[in-house]
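Protein sequence lines correspond, in order, to chains L and E.
Residues in the first sequence are numbered from 1 upward in steps of one, following the working numbering.
Residues in the second sequence are numbered from 1001 upward in steps of one, following the working numbering.
Among the hints, a few may not be true.
If we take Cβ atoms under 8 Å as the criterion, some of the chain L residues that face chain E in the derived model are [what the hints assert, rightly or not]:
no.	residue
1	Pro8
2	Ala43
3	Pro44
4	Arg46
5	Ser53
6	Phe62
7	Ser63
8	Phe83
9	Leu89
10	Tyr91
11	Tyr94
12	Pro95
13	Phe96
14	Pro100
With a Cα cut of at most 27 Å, we get these calculated DSSO-like pairs of lysine-lysine [what the hints assert, rightly or not]:
no.	chain 1	residue 1	chain 2	residue 2
15	L	Lys39	E	Lys1043
16	E	Lys1089	E	Lys1043
17	E	Lys1067	E	Lys1078
18	E	Lys1043	E	Lys1067
19	E	Lys1067	E	Lys1089
20	L	Lys42	L	Lys107
21	L	Lys42	E	Lys1043
22	E	Lys1078	L	Lys45
23	L	Lys107	E	Lys1078
24	L	Lys107	L	Lys45
25	E	Lys1089	L	Lys42
26	E	Lys1067	E	Lys1054
27	L	Lys103	L	Lys45
28	E	Lys1043	L	Lys45
29	L	Lys42	L	Lys103
30	L	Lys39	L	Lys103
31	E	Lys1043	L	Lys103
32	E	Lys1078	E	Lys1054
33	L	Lys39	L	Lys107
None of these hints come from the bench; they were simulated from the model.
Here the structure is a predicted model, which means the values were calculated and not measured.
All C-beta atoms, glycine included, are put in the ideal place defined by N, C-alpha and C.
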Amino acid sequence: DIQMTQSPSAMSASVGDRVTITCRASQGISNYLAWFQQKPGKAPKRLIYAASSLQSGVPSRFSGSGSGTEFTLTISSLQPEDFATYYCLQYHTYPFTFGPGTKVDIK
Amino acid sequence: EVQLVESGGGLVQPGGSLRLSCAASGFTFSDHYMDWVRQAPGKGLEWVARIRNKANSYTTEYAASVKGRFTISRDDSKNSLFLQMNSLKTEDTALYYCVRDRSVVGDGYYFDYWGQGTLVTVSS
Chain L
1 DIQMTQSPSA MSASVGDRVT ITCRASQGIS NYLAWFQQKP GKAPKRLIYA
51 ASSLQSGVPS RFSGSGSGTE FTLTISSLQP EDFATYYCLQ YHTYPFTFGP
101 GTKVDIK
Chain E
1001 EVQLVESGGG LVQPGGSLRL SCAASGFTFS DHYMDWVRQA PGKGLEWVAR
1051 IRNKANSYTT EYAASVKGRF TISRDDSKNS LFLQMNSLKT EDTALYYCVR
1101 DRSVVGDGYY FDYWGQGTLV TVSS
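For reference, chain E alone in the conformation it holds in the complex (with noise of 0.2 Å):
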């Protein structure tokens, strides 16, 4: 069974800094792009950030509103998933999941999986 599970949100002070961890299994995670996509109170689906596999170099991807600031990153021997956001807004309070993207096996896994998330709240 596939499981995403996410880390490390809690409350930061504006210009603070959090570090996000995806804790995945059940499912052969260095085949797999990740990304994390979030969600303010209330409000619609943002998608953050991507990085590909070890195949295509780990390369990523960001949004503009978080470029900069996050750094999304892998540790494939510890299928892990990490977001560092520095800098922290108050606009950047939500709840972040880590998503499942494509495969190099196959182009049936754009995000299908999501994990249930992680609240951060940046206020002062």
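Just chain L, same shape as in the assembly (with noise of 0.2 Å):
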């Protein structure tokens, strides 16, 4: 199986950081990454798809980079609707496989 690791697993900030979440394939995924947002009792939603295409109507201070076995999920200023916990996903190969999730806390 293809292991999913992010980092950090949690962390601190403050409205206006930018932050920066990374996550690491064990073997080469090309571009067969997603990004989720899950807030406290909410079902995740689906932030960036192909490694780095913005999900219709999410706001564009979301971004993904990467491809291969790297890849970042990146808030260019943090909002207080951003406070919650990220997941990333591979669909490249069975079974499918999410990273352990970021959890972005106020600081």
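Need the complex rebuilt from these two chains, each delivered in its own frame; the hints are there to steer you.
This is the structure we're talking about:
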């Protein structure tokens, strides 16, 4: 199975901060990677697909990059509604696997 | 508006069975692959199963943890997705999400819409 790791596992940040979350795959997955945001008690929401394509309706402060084994999700200026847990997902090889998540909370 | 509404969750004893359903609306269900993803209480996300569309013979894929015990199926005439869960274990306790997946009309649909989930609790 392809193992997905995320760093950091948790972070504290302030409104207006630039935030970068990294996701690494144990083997190459081309650009078959998506990013999700999940708030407590809610279903995950897709932010990014194909590593760098922004989901319609998602603010442009979110961006994704990378290919192969290393990927990043960047929030250019953190807003109050962005405090949540973020997950990456590889959908290149079965079984599809999620990263363990990165919790972003308020500093 | 795309909607996915899961049902069928509940409390079941270890070794028991449960059938989850997902009612889809707001899109051409038959065009899409569909998935189940679960989340144990306080834990991360785990992909469970995928079913392709009719054009791809409704073929299926499973996570190793559920293979042989769970069966994903669909009824395109009723815009419905199912998950038959047999030989349930305590570690199957989770919120189960129905998720829309890729489409025959394009590649931008992977895991793009999620239902609100239905809770399955396996306990004696």
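Hint check:
no.: 1; hint: Pro8; verdict: 15 Å, violated
no.: 2; hint: Ala43; verdict: 4 Å, holds
no.: 3; hint: Pro44; verdict: 6 Å, holds
no.: 4; hint: Arg46; verdict: 5 Å, holds
no.: 5; hint: Ser53; verdict: 7 Å, holds
no.: 6; hint: Phe62; verdict: 15 Å, violated
no.: 7; hint: Ser63; verdict: 16 Å, violated
no.: 8; hint: Phe83; verdict: 18 Å, violated
no.: 9; hint: Leu89; verdict: 6 Å, holds
no.: 10; hint: Tyr91; verdict: 5 Å, holds
no.: 11; hint: Tyr94; verdict: 5 Å, holds
no.: 12; hint: Pro95; verdict: 5 Å, holds
no.: 13; hint: Phe96; verdict: 4 Å, holds
no.: 14; hint: Pro100; verdict: 5 Å, holds
no.: 15; hint: Lys39/L to Lys1043/E; verdict: 13 Å, holds
no.: 16; hint: Lys1089/E to Lys1043/E; verdict: 17 Å, holds
no.: 17; hint: Lys1067/E to Lys1078/E; verdict: 26 Å, holds
no.: 18; hint: Lys1043/E to Lys1067/E; verdict: 21 Å, holds
no.: 19; hint: Lys1067/E to Lys1089/E; verdict: 13 Å, holds
no.: 20; hint: Lys42/L to Lys107/L; verdict: 23 Å, holds
no.: 21; hint: Lys42/L to Lys1043/E; verdict: 13 Å, holds
no.: 22; hint: Lys1078/E to Lys45/L; verdict: 26 Å, holds
no.: 23; hint: Lys107/L to Lys1078/E; verdict: 48 Å, violated
no.: 24; hint: Lys107/L to Lys45/L; verdict: 23 Å, holds
no.: 25; hint: Lys1089/E to Lys42/L; verdict: 25 Å, holds
no.: 26; hint: Lys1067/E to Lys1054/E; verdict: 22 Å, holds
no.: 27; hint: Lys103/L to Lys45/L; verdict: 15 Å, holds
no.: 28; hint: Lys1043/E to Lys45/L; verdict: 17 Å, holds
no.: 29; hint: Lys42/L to Lys103/L; verdict: 15 Å, holds
no.: 30; hint: Lys39/L to Lys103/L; verdict: 10 Å, holds
no.: 31; hint: Lys1043/E to Lys103/L; verdict: 12 Å, holds
no.: 32; hint: Lys1078/E to Lys1054/E; verdict: 14 Å, holds
no.: 33; hint: Lys39/L to Lys107/L; verdict: 17 Å, holds
Checked against the numbered hints above, the structure violates hints 1, 6, 7, 8, 23; every other hint is satisfied.
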